[in-house]
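K.L.:
Each chain is listed here by its residues.
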Amino acid sequence: MFSCCNKSGIHPKSNKITRGEPIEKALLPKLIVLPLSQGIGAPPTCLVKPQDYVKKGTLIAEASSFVSSNLHASTSGTVLKIDRTIAPNGQYTQAIFIEPDGLDEWEEGKNVSSLVSTKEEILQRIKECGIIGMGGAGFPTHVKLNVPKDKKIQNLIINGAECEPYLTADHRLMLEESSNIIKGIELLRVVLGKDVRVYLAIEKNKPDAIEVMRRTIKEEDASIEVLPLETRYPQGDERTLIKTVTGKKLGAGKLPFELGCVIQNVGTVFAIYEACYFNKPLIERVTTISGPAILKGKNKRVLLGTQFLDLLQECGGMYSDVVQVISGGPMMGKAEYTLEVPVIKTSSGVLFFDRASFQNYDEHPCINCGRCFEVCPQKLPPTVLARLSSEYNFDQAVKLGLKSCIECGCCSYICPSKRELVGWIRFGKNKVAKLGKK
Amino acid sequence: MNTVVLSVIFLGSVSLILGVCIVLTSKLFKTYENPLIQTVTKLLPGANCGGCGRAGCAAFAKELVETRSTSMSCPVGGQALREQLGSILGIKLQAVTASVARVLCQGNFNKSRMSGEYEGIRDCVAVKQAMHGSKLCPYSCIGYGTCKNTCKYGAISISNGVAIVDENKCVGCGECIKNCPMGCLVLLPKDQKTFVACRSQDKGAITRKLCQTGCIGCGKCSKVCEQGAITVTNFVSKIDYSKCISCGKCVEACPTHCIVNTNLDNKNK
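Chains as they are written, first to last, in our numbering: chain A, 1 to 438; chain B, 1001 to 1269.
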């Protein structure tokens, strides 16, 4: 009924100002704050108590259920306390505070060459090392790779699209670690079966990454197909990517393996490589620190638990009129209200916006122009869903596909009346999820 | 002329046949409904607030007439309704203590530390999604009026960033409690006018930093209470209403003014 147009998605200015900045190692901060809950799933059980001494890579919290992931200390030091902190999503959460001793000493047996090669060993290693999807959602990777036996995986899609403006972390990773990413992909091929087709999806606005990856694949003689994708947002979204690569549409609430697909982010693949070759737990990630209000944007390899405050100092500070700090990409990220927020496994970027680049619009009535219908990648009627949600008419909204919304924000971006479309839809989704539980 | 007569005869006979069908079906498939249910439904307030725990007033009436359970009660109607219903059904309904919703937070813009500047949908649930709340205290009232919007009796108002319940208008249906994302509202006995308007389980020092009027768990109230009705657990005072006599001594003793007596407040005004 509503699928009238094919040109979904939007084209925001890409603003990849840090694309030329090589990945640098961030300095050791004064304080490490590791929230127990780093992504989707149950928070892991804390294994340490205050005054304990931990080394880099020590397991400090263990997965409490199947959909949960391990957490490791990101440097050596003393556990100060276990207290609440503000996580990047704005909520209070329990966290382990570690005071680094400056030695940065590795736990025995971690970060040494120890290659695993069988399917079971690789899965076990991924689970032990606490690897979760580093693109944004943070779904535990061992769960994602644990495909039911009756499902056959035909396509492995490696997501290097990085469609969010400003972010260049995956881009730099592909340029600098191309052969290691391919090693990671080969490990995934072992897990998913030899005959799986591997696609590496990269947006066309990264021609250097496409070229480097193609060259390395040729050198390594790997059978990976590099897919240059049209530059548009939300190209890197799981559902949109499946649609682009296979042409099939994934229904609401379904997981990609039901269409025979597994999607892994480039950053996750690199983490898998490090885990399986060096037994290195996921304790650091590449994060883009960028935005118009920062003196020098950089791509940093940051220890998990480093607070935004410390990152800011390394980049030379920010201009005085910063009005918004966003964790993640500008489209789907969360605005923060304090800089004492730690980097977690899913933090792909930290962005600083000043008054000039941050416009605040007044909301006007809907003029029924239908632009939100055109851009919605899920072919939903955003303005109708938003209106129904604001009227608390959730039954009707669910009928029209409220639950299929991926909250990409295209509708709010394109709306000429600057209506809070995705805000209301997200509100409706939250309400429906709560009502469903009762 | 002929056409007119013909059509009258035709339409008349069709309606006659259909009428006979309707009468027959109504006789054949008749279901008995207790007329009392209608009477009781009319007596009930009709707001369908769900305060009784049923889907609405009609569902309450049906269940009451069918089961004649004396423990069922409509919190909105109170004593008068209970007597009316009792006389119709020939049973004596048990008296229940009337409840009133209380906001366990007084942290307004002047008294508590705010977190960030929020721009977006003016609704507590939406604020809770974006950040943990409008104030730094994780137990605080957000103050964007979700409870006010859901109250069918107009008993809640938002003043200076914190919800206030008008106890004369509140009927104790509990609708606001279901919708509050922070859990700041509770039902307390209506005749008890003293309550602790804070639920912060943080240590005193932390609470004090975040809010001027939070319970810091100092225990002064439990010392002055002659009835032994106040206990401090998890750094927050709790009043045992089976012992409390609403003397107001704790209200005077509380250094942060987080214990409130609505009677005293009204007199002071």
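None of these hints come from the bench; they were simulated from the model.
Remember, predicted model here, so these are calculated numbers, not experimental data.
Here a beta-carbon is modelled for each residue, glycine too, at the ideal position from N, C-alpha and C.
Careful, some of the hints might be misleading.
[What the hints assert, rightly or not] One-sided and incomplete, this derived list gives chain A residues near chain B with beta-carbon spacing under 10 Å:
id: 1; residue: Ile86
id: 2; residue: Asn89
id: 3; residue: Tyr92
id: 4; residue: Asp195
id: 5; residue: Arg197
id: 6; residue: Tyr199
id: 7; residue: Lys334
id: 8; residue: Ser417
id: 9; residue: Lys434
id: 10; residue: Gly436
K.L.:
Hint by hint, say whether it matches the structure.
P.N.:
Hint by hint, here is what the structure shows:
no., hint, verdict
1, Ile86, "holds, 7 Å"
2, Asn89, "holds, 9 Å"
3, Tyr92, "holds, 5 Å"
4, Asp195, "violated, 43 Å"
5, Arg197, "violated, 39 Å"
6, Tyr199, "violated, 34 Å"
7, Lys334, "holds, 7 Å"
8, Ser417, "violated, 15 Å"
9, Lys434, "holds, 8 Å"
10, Gly436, "violated, 15 Å"
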